[in-house]
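Please arrange chain B on chain A, whose structure you already have, making use of the hints.
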Amino acid sequence: MIVLRLALLSLRNRWLTALLTVSAIAISIALLLGVEKVRMGARQSFADTISGTDLIVGARSGSLNLLLYSVFRIGNATNNISWASYQDLAARPDVAWSVPLSLGDSHRGFRVLGTTPEYFRHYKFRQSQALTFSAGQPFADLFDAVIGADVAAALGYKLGDRVIIAHGLGSVSFLEHDDKPFRIAGILVKTGTPVDRTVHVSLEAIEAIHVDWQSGARIPGQSVTAEDVRRMDLTPKAITAVLIGLKSKLATFRLQRAINEYRPEPLTAILPGAALQELWALVATAETALTAVSAMVVITAFLGMVTMILTTLNERRREMAILRSVGARPRTVLGLLMAEAGVLTIAGIALGIVLLYAALMLLQPFVDAAYGLHLPVAPPRPGEWVTLGIIVLAGTMAGLLPALRAYRLSLADGMTVRT
Amino acid sequence: MLAERAPLIRSNDVRLESPAAGSLAAQRAAIVSMAQVRFAWAGRVAFSLGIETFALALGERLLLIGPSGSGKSTFLGLLCGINAPRSGHIEILGTDITALSASARDGFRAEHFGIIFQMFNLLPYASVMDNVLLPLSFAPRRRARARAAGSAEKDAARLLIGLGLEGSFSARAAELSVGQQQRVAAARALIGAPELIVADEPTSALDRDHQYAFLELLFQRASEAGSTLIMVSHDVSLAPRFDRVLALDAVAVARYGAGA
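Those sequence lines, one after another, are chains A and B.
Numbering of the first sequence is given in our numbering, commencing with residue 140 and proceeding in unit increments.
Numbering of the second sequence is given in our numbering, commencing with residue 4 and proceeding in unit increments.
Bound-form chain A, shown alone (with noise of 0.2 Å):
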């Protein structure tokens, strides 16, 4: 068809301002995909990095507290559980099997997660995926450390290689264990979840080099040697937290009651996805936020199309007396500028599209890296590309306001430039 040709030859002839629109069109485009994807993998990465556990116990306090400090290693405990506790816990007849953790110490950033050899078999991310080795195995020796394969990359770690845990969760301190080293004893395949920066090692451990400290430091003149501690009582006294499994997912609810009632002790079980639901509800306003922002930086980003649209009709009268004494109606030179919109914005949406994957590609290693968040490169999901529908449908709208002008215009005009 001539006339369409005509249009997109007459875009040509307007290169520039063109070009300049769709490039508005796209970088709006890019960042309104790019938060949903963003806003998607997040919760993709939240979601994944729990699975297969049914309760997790901890100390009385809020739920999202619970989850987030002893998931997703953000914060601090409250308060401790005793170990007669989870002792009490552990033995109850619904309970499969129950990992304790134990956190609060460091080493050179990285957080330090005491717990049992059965936490490498019980702990699942993604779809009930196992933690697996790249190298060597759980901790067998008292002073064995397992890590996470952000920390082995981080910190250039292999198999043999002896570590110093600080006390506390500083990347920098004065405080340190270090007259009980560790070995690495095992590294971890990357989970992409909290795991990968975690440096793990057994309960016993985390006892081992706190037996002469107490309320965060030394005990001035008393000094246990690694060799005396192995062969103390190590039986931790507190731990921070109790990841349970049960035999029948129909004990979930009894049993979290059973433990918030719980007298000796008071504490808190939360099922992992109703604490993540808890989560969504509370960053749900920061995304709709986020959301509005980028949905304005389109209709911005719409109106400057419309403006460059409506800046160029008075040039164009000419364009359009030559169309109508040639036969065009009005209303094909009111379609042939709605064309033009929906040109445009198409080509904004396939341009921020390419802008969007190009970024993806070169910042995932990065920003996984950096906040432990992967944006997976997938192609647009079917909400996306009705949104994208709308989106075109809403640009080529948009032309109507011009192209009712061309119009108006191109019916007062007739054949005759006025100019």
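Simulated from the structure, these hints should not be mistaken for laboratory data.
Be a bit skeptical, because a hint or two may be false.
So these bits of chain B aren't anywhere near chain A, every CB distance computed over 10 Å [to be verified]:
#	residue
1	Arg41
2	Val48
3	Leu79
4	Cys83
5	Gly97
6	Ala102
7	Ala113
8	Leu126
9	Arg148
10	Ala151
11	Ala152
12	Arg161
13	Arg191
Derived coverage of chain A by chain B (criterion: at least 3 residues anywhere in the stretch with Cβ under 8 Å from a Cβ of chain B; other residues may be distant) [what the hints assert, rightly or not]:
#	region
14	146 to 155
15	434 to 443
16	464 to 470
With the C-beta cut set under 10 Å, the calculated list includes, among others, these residues of chain A facing chain B [as the list claims (entries may be wrong)]:
#	residue
17	Val142
18	Lys297
19	Glu458
20	Ala460
21	Ile461
The structure presented is a predicted model; accordingly, all values stated were derived computationally and were not measured.
Each residue gets a CB set at the ideal place from its N, CA and C atoms; glycine is no exception.
Same frame as chain A, but now just chain B:
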């Protein structure tokens, strides 16, 4: 000064003086006839135009002399079906176009009219060939006629060569001289052999030599295509080349202001 009444009879008189009129003598059928046409436009300046009678014979070459402000644009708008009159009849090729809808008139114009303006006739960014082929996308019968020569492009090339424009088919229209542009406009008006060629001061942007050369070419190609030609100009010196000359103000009475 010039004819006011019974233009058909008058046209016979003029034709006697015209050397090119012989072959048309047998054809007297009116291709255009207007009667009691009233047009009024209530814009910022009220304006009205009245045409008692006007007729144009098939194959005729008519020159309408009119200065600006004489309602020239409105007259051409009525003739070409851009404007619709308040009352009266405009019959073209046996069709009363006042009875047609606006979009049917647009289609009618596409099929039966070739129009040349004073200047700025072409889409500057499109090629010469695209400009010539443009009307065919709105006029299926003209397209079919142009394709009878093999392809529309072939027919366009034939017309362009006939107008002395060989070798510049793919050039952008904006790159041509004004004279060349007017010849491209002529080719666009002629393609698909429409029954009526309407030219609105097509030569005013050209110098005298080029004016005559352009008219000569236009007449030749129009008679080859069997098209009737109506031209509007303020230049009386072109009169001897036409079958008939009319003063526009004798055909159409324009009124401005509140009384319009």
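Violated hints, by number in ascending order, as checked against the structure
3, 4, 7, 8, 13, 15 and 18
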